[in-house]
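K.L.:
The numbering of the sequence shown is numbering that gives the first Met the number 0, which starts it at 0 and goes up by one.
What the hints contain is simulated information worked out from the structure, not anything from laboratory work.
Predicted, not measured: the structure shown is a model, and the values here were computed from it.
Taking lysine-lysine pairs in the BS3-like style, the calculated list, with each CA pair at most 30 Å apart, reads: (1) Lys22 - Lys6; (2) Lys27 - Lys6; (3) Lys2 - Lys40; (4) Lys40 - Lys27; (5) Lys2 - Lys32; (6) Lys32 - Lys44; (7) Lys6 - Lys32; (8) Lys6 - Lys44; (9) Lys44 - Lys27.
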Amino acid sequence: MAKLPSKSDILAWITENPTQTAKRDIAKAFGIKGADRIDLKRMLKS
Numbered sequence: 000m001a002k003l004p005s006k007s008d009i010l011a012w013i014t015e016n017p018t019q020t021a022k023r024d025i026a027k028a029f030g031i032k033g034a035d036r037i038d039l040k041r042m043l044k045s
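Work out the full structure, taking the sequences as your base and the hints as a guide.
P.N.:
Spelled out as structure tokens, the structure:
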């Protein structure tokens, strides 16, 4: 089970990779799989 990145980590990654902003790109970059993707989706909505 991968630990979810912080919002600031996600924002930093998006800043460095502006063409890869889809949820699947973010999940792949941080190694988030399975049920953790649902938590990532909730985090991105807020």
